[in-house]
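S.K.: When you get a sec, could you build the whole thing from the sequences and use the hints?
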Amino acid sequence: MRFTVPLLLSIPLASSNLLYGRADESCAVATSEGSCQQARQCAALETTFPGRLHYKAADTNFTIWDQKQQQTVYVCRVLPTSAAEVSQILQVLVQNWCRFAVKCGGHSRFPDDSVSVGGVTIDLGLISSTVVSEDRTSALVGGGALTRQIFAALDPYGLAHIGGRQGQVGIGGFALGGGTSVLSAKHGWALDSILEYEVVLPNATIITVSETQHPNLYWALRGGGNNFGIVTAFNVTVFPQSPVWVGSRTFTDEHAEQVLEEAEKIFTLEDAEDTNIVLEYRYSFSTAQNFGTITTTQRYIEPVSRPSVYNALNAIPAVANLTGTISSLANSTGNTPVLGQSRAIFASLTHYPSVSLGKQAIELLKEEMQLLGNSTGISSTLITYSIPTTAIKRMKSRGGNALGIDVEGHLIINLLSVTWPSNAEDRAAHALVSRFMTNFKAAAEKLDVLHPFVYINYANKGDDVFTGYGETNKQRLIAIQKSVDPFGIFTSSGLWRGFFKLGLN
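Quick note on this note's numbering: the sequence shown kicks off at 1 and runs consecutively.
Treat the hints as calculated values from the structure; they're not laboratory data.
Each hint should be verified, as a subset may be incorrect.
Taking CB as the label site, the calculated pair distances span [unchecked claim]:
#1 Ser133 to Asn374: 52 to 58 angstroms
#2 Gln475 to His255: 42 to 48 angstroms
#3 Phe487 to Thr212: 23 to 29 angstroms
#4 Ser210 to Asn374: 21 to 27 angstroms
#5 Pro337 to Lys265: 31 to 37 angstroms
#6 Pro215 to Glu445: 34 to 40 angstroms
#7 Ala312 to Gly158: 31 to 37 angstroms
#8 Ala312 to Gln213: 48 to 54 angstroms
#9 Val407 to Ala442: 31 to 37 angstroms
#10 Pro50 to Ala442: 55 to 61 angstroms
#11 Ala84 to His255: 53 to 59 angstroms
Positions of the beta carbon are idealized from the N, C-alpha and C atoms, including for glycine.
M.R.: This is the structure:
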């Protein structure tokens with residue numbers, strides 16, 4: 001099916017020579033790497049943004065989550081404070097065909113995702129305010145805001161939004177990619193709670209996007225990632241939220257079958273009976289101790305200590321007693337982690353409920369870690385939870401989203417997180433992830449429980465994320481991308497090449 005999206009083509013250019021003609025003709029011979037006199041463009045931006053532009057060599061206070069991005073060599077980093085300033089910066093970079101990347105929270109894992117390779121890093125960290133509406137049903141959140149900042153701003157009002165599990169995660173990548181949350185069983189995923197986006201388009205025009213204003217782009221931003229422009233603000237729904245219970249208990253892998261069976265029962269209760277239930281579990285194997293554990297995080301989205309729904313799970317013999325506390329979401333996400341000290345890969349697989357597959361995944365990861373032996377610095381964790389029924393139903397709201405998830409009941413989403421301390425083990429870490437995911441997918445296919453959806457925020461570099469949305473949705477996304485970005489500025493061969501691009505990555 002071929003899509004045509006004429007609506008957005010009528011948006012005027014912010015500058016008469018932007019895209020159609022470059023102000024500096026010497027840039028017409030820029031290399032394919034988009035390296036047109038980057039230092040000169042940084043000098044021009046420094047004049048416009050004094051005190052808010054930092055050259056890499058002197059940018060010693062800048063830290064970011066993944067060491068691979070921390071070590072990425074950019075020319076300069078600039079910190080705008082508004083959509084208008086983002087537009088100014090983008091005009092300079094596009095007119096001179098200079099490479100860039102945009103940092104929101106910076107929780108991605110590869111160079112060019114949010115730190116530019118040899119170009120300009122646009123850091124949205126100063127666009128991070130959260131302003132609650134007068135009727136307290138929505139909040140305008142800056143595109144560079146972190147989860148912990150948003151929850152902290154909403155907490156005095158007794159409110160929350162569908163935010164991330166980790167405080168350092170930025171709303172930009174989180175919401176544009178999907179936004180799975182501890183609140184999803186009750187309120188859905190974050191992308192379906194966005195009322196409006198403020199977007200700086202590739203041509204530097206600033207527009208507001210909603211269900212009624214540019215509805216095609218509104219649909220695409222709900223799962224389409226960083227392919228359409230720079231989102232500088234999100235108008236999100238908010239709701240009353242009390243403190244929550246968070247408990248933890250760890251089991252040995254000899255009890256894996258029992259733990260997984262009880263977890264599946266709880267996921268079903270989460271769908272049908274009590275949307276306050278939020279369970280996830282993590283499997284890890286210590287090569288030094290030759291010992292595998294399953295750690296459960298048992299949440300209840302009300303201030304109820306030791307909720308009875310987890311009693312059967314906690315009756316299974318465990319490594320230690322149940323621990324837990326009642327705390328606000330602001331407190332539970334408020335810690336500031338040490339950044340840039342380790343390297344990471346994520347990979348993800350989604351499947352229909354299957355205890356058998358869960359057991360096989362644990363055995364597969366255990367085998368991979370045993371192959372490494374105890375001399376490695378590589379550690380791995382397989383994190384598993386459900387995509388609840390409520391979240392799947394709400395994906396049809398406001399015209400639907402781009403993810404293509406349409407099933408009865410819940411799905412199971414898995415995140416493989418592999419970390420290591422230095423580039424000396426890059427090859428071994430990547431090989432482990434590749435082998436495990438190949439075998440995990442094969443096991444899911446053999447059991448006929450594989451679902452094609454790959455969560456973009458958990459995906460590994462090179463994953464064909466958008467094919468997992470379904471061919472119809474993928475082609476619609478490509479058509480919308482071409483309509484707002486006819487010169488390919490946000491494509492894999494354009495100026496911001498990082499993260500997951502429509503077409504080839």
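S.K.: Determine for every hint whether it applies to the structure shown.
M.R.: Consistency of the hints with the structure:
1. Ser133 to Asn374: 52 to 58 angstroms: holds, 55 angstroms
2. Gln475 to His255: 42 to 48 angstroms: holds, 46 angstroms
3. Phe487 to Thr212: 23 to 29 angstroms: Because 28 angstroms falls inside the window, the suggested range holds.
4. Ser210 to Asn374: 21 to 27 angstroms: For Ser210 and Asn374 the Cβ distance comes to about 55 angstroms; the hint is violated.
5. Pro337 to Lys265: 31 to 37 angstroms: holds, 33 angstroms
6. Pro215 to Glu445: 34 to 40 angstroms: This hint holds: roughly 36 angstroms between Cβ atoms.
7. Ala312 to Gly158: 31 to 37 angstroms: This hint holds: roughly 33 angstroms between Cβ atoms.
8. Ala312 to Gln213: 48 to 54 angstroms: holds, 49 angstroms
9. Val407 to Ala442: 31 to 37 angstroms: violated, 22 angstroms
10. Pro50 to Ala442: 55 to 61 angstroms: Distance hint for Pro50, Ala442 holds at roughly 56 angstroms.
11. Ala84 to His255: 53 to 59 angstroms: Given a distance of about 57 angstroms, which is inside 53 to 59 angstroms, the answer is holds.
The structure shown violates the earlier hints numbered 4 and 9.
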